[in-house]
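Kindly generate the complete structure, drawing on both the sequences and the hints.
Number of protein chains: 2
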Amino acid sequence: MIQRVALICGNGAFPLVAARAARQRGIDVFILGLKGMAAEDIAEFPHIWLGVGQLGAAFREIAARDIKDICLIGGLGRPEFADLRPDWGAIKRLPEIFRLLKGGDDHALKGVIRLFEGEGLRVIGVEDLAPDLLAAEGAMNRVPFPDDLKEDLAFGHDCLGALSAYDCGQALVLAHRRIIAIEAAEGTDAMLLRVADLRERGRWRAKGPAGLLIKAPKKGQDLRVDLPAMGPETIASAAKAGLKGIAVQAGRVLILDRAAVAAQAEKAGLFLFGFTRETAA
Amino acid sequence: MIQRVALICGNGAFPLVAARAARQRGIDVFILGLKGMAAEDIAEFPHIWLGVGQLGAAFREIAARDIKDICLIGGLGRPEFADLRPDWGAIKRLPEIFRLLKGGDDHALKGVIRLFEGEGLRVIGVEDLAPDLLAAEGAMNRVPFPDDLKEDLAFGHDCLGALSAYDCGQALVLAHRRIIAIEAAEGTDAMLLRVADLRERGRWRAKGPAGLLIKAPKKGQDLRVDLPAMGPETIASAAKAGLKGIAVQAGRVLILDRAAVAAQAEKAGLFLFGFTRETAA
Chain L
68 MIQRVALICG
78 NGAFPLVAAR
88 AARQRGIDVF
98 ILGLKGMAAE
108 DIAEFPHIWL
118 GVGQLGAAFR
128 EIAARDIKDI
138 CLIGGLGRPE
148 FADLRPDWGA
158 IKRLPEIFRL
168 LKGGDDHALK
178 GVIRLFEGEG
188 LRVIGVEDLA
198 PDLLAAEGAM
208 NRVPFPDDLK
218 EDLAFGHDCL
228 GALSAYDCGQ
238 ALVLAHRRII
248 AIEAAEGTDA
258 MLLRVADLRE
268 RGRWRAKGPA
278 GLLIKAPKKG
288 QDLRVDLPAM
298 GPETIASAAK
308 AGLKGIAVQA
318 GRVLILDRAA
328 VAAQAEKAGL
338 FLFGFTRETA
348 A
Chain F
68 MIQRVALICG
78 NGAFPLVAAR
88 AARQRGIDVF
98 ILGLKGMAAE
108 DIAEFPHIWL
118 GVGQLGAAFR
128 EIAARDIKDI
138 CLIGGLGRPE
148 FADLRPDWGA
158 IKRLPEIFRL
168 LKGGDDHALK
178 GVIRLFEGEG
188 LRVIGVEDLA
198 PDLLAAEGAM
208 NRVPFPDDLK
218 EDLAFGHDCL
228 GALSAYDCGQ
238 ALVLAHRRII
248 AIEAAEGTDA
258 MLLRVADLRE
268 RGRWRAKGPA
278 GLLIKAPKKG
288 QDLRVDLPAM
298 GPETIASAAK
308 AGLKGIAVQA
318 GRVLILDRAA
328 VAAQAEKAGL
338 FLFGFTRETA
348 A
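So the sequence lines, in the order shown, correspond to chains L and F. Residue 68 is where the first sequence starts when you use the working numbering, and the numbers rise one by one after that. Residue 68 is where the second sequence starts when you use the working numbering, and the numbers rise one by one after that.
Incorrect hints may appear among the rest.
Given that identical chains are not distinguished, each listed pair holds provided it fits within a single copy or across any two copies.
Stated by the list, open to error - Using 30 angstroms as the maximum straight-line C-alpha spacing, the simulated DSBU-like pairs for lysine-lysine come out as follows:
1) Lys135 - Lys307
2) Lys217 - Lys286
3) Lys334 - Lys307
4) Lys102 - Lys274
5) Lys307 - Lys274
6) Lys307 - Lys286
7) Lys286 - Lys135
It is worth saying that the hints were derived from the structure and are not from the lab. Quick caveat: nothing in here was measured; it's all calculated off a predicted structure.
Shown next, in the form of structure tokens:
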């Protein structure tokens, strides 16, 4: 059982939601808010503010509270070296930090985990704090997943799997075995708005709702720090793109307020389906 | 030796450039201009106008002129069934046409080739008519391909190769082994403008020129009808995206006015490099 946890919080709404869920389950939450990223509301918890480069301070504060479990949550963007303003604790580890800033996101995050583990800390995932934040298995609202999209789901999921070797591809949109859009650095919502635009300009033509969004972590991605996430904007963008629905990997995609998001999807006529390796094969 | 050819022309500038180049090499060119797509200037050649669905008429006109070689060139968009307005010759072949409209572009184009071959015609590629329209091998201007991008070229080319199995991925942008953008239905220029936008909004941060565009046909793509193409807009968009340059597969990418495009790239400080399987490994 986890008794105390240090949450290192980036931007977005997930950090606070996870912190509150953990508190409700009786876990002592201490927050390290990243300056310029974390929400002001972390003030409702014991907290400190730190720059991304202040690794040394982070380690000291965590050790001082005898905390062994840490959880990294929220968006970071990719810090440029100039923004890091490293403290001495970070400078000591510069060669390592340098290495982790090269390569894809997944690579970088594994480096971050290793840095913390090197200090004797255990990096835990959101599912250990707030399992309700993760996509459930099967239909999450009353719009059923259409049988005739099974083949597309398997095809698209395979395609994402093939991209994992290149440390990219957390989401794509396809219809009738045709890949319409693949996400790389732009993020899922931007990709969905692109699909909406492609439809508007007639580069993807289909009558009525068509196609689906598939979202899953990369194979080999460390789920402790880098779960793909979706929220109300994802639903709104998918509706704009005129999709039939959204398939996410069950237990491996964060959904901000699952019940509300599922209801929002239903209202827009979109299925929200949590697939597993078995149902996407 | 090809003496007579029927060019079935879609949109864009390539059809006329290829037609003129073929004429200069002493080939008799007859043009079938697709209504609403081909440029008015096809009138400088013996020509007729046809709707996309008028397959029957196309076969008759070609046979009447005793032409055995045909070449499909220019963009089509993806015709929706409602736009096809099929003639009887097309209606006879409806089941086949139906099949070819499902699935990715490559699939559809192979179907088109089979339709023509089924009529005893030979489908030839642009390289048979106008080899100068294709990317040359090696540096095409005086900006050298930087040695330190070799690894990225190989990595990105591999990634495109992996996507071929999913009938997508003709281009991508990457930097330091990080895939920034992958092209699907939006086209290369739209992808490059997205990269420019990602840089502007700080989602891809890099100082000065960084990253490269890699463009190549899909593996197994029938080069006779679906060569990837680039022109002045590609260079302008790559410059906007702040890239270091462009690597295209030699002999397998159409370049509209190669000399002018290479000079334009040079002026923008971009390399324009024609890679081969060997130089991208």
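Verification of the hints:
no., hint, verdict
1, Lys135 - Lys307, "neither (44 angstroms within a copy, 47 angstroms between copies)"
2, Lys217 - Lys286, "both (20 angstroms within a copy, 26 angstroms between copies)"
3, Lys334 - Lys307, "within (13 angstroms within a copy, 40 angstroms between copies)"
4, Lys102 - Lys274, "between (47 angstroms within a copy, 23 angstroms between copies)"
5, Lys307 - Lys274, "within (14 angstroms within a copy, 35 angstroms between copies)"
6, Lys307 - Lys286, "within (29 angstroms within a copy, 33 angstroms between copies)"
7, Lys286 - Lys135, "within (27 angstroms within a copy, 50 angstroms between copies)"
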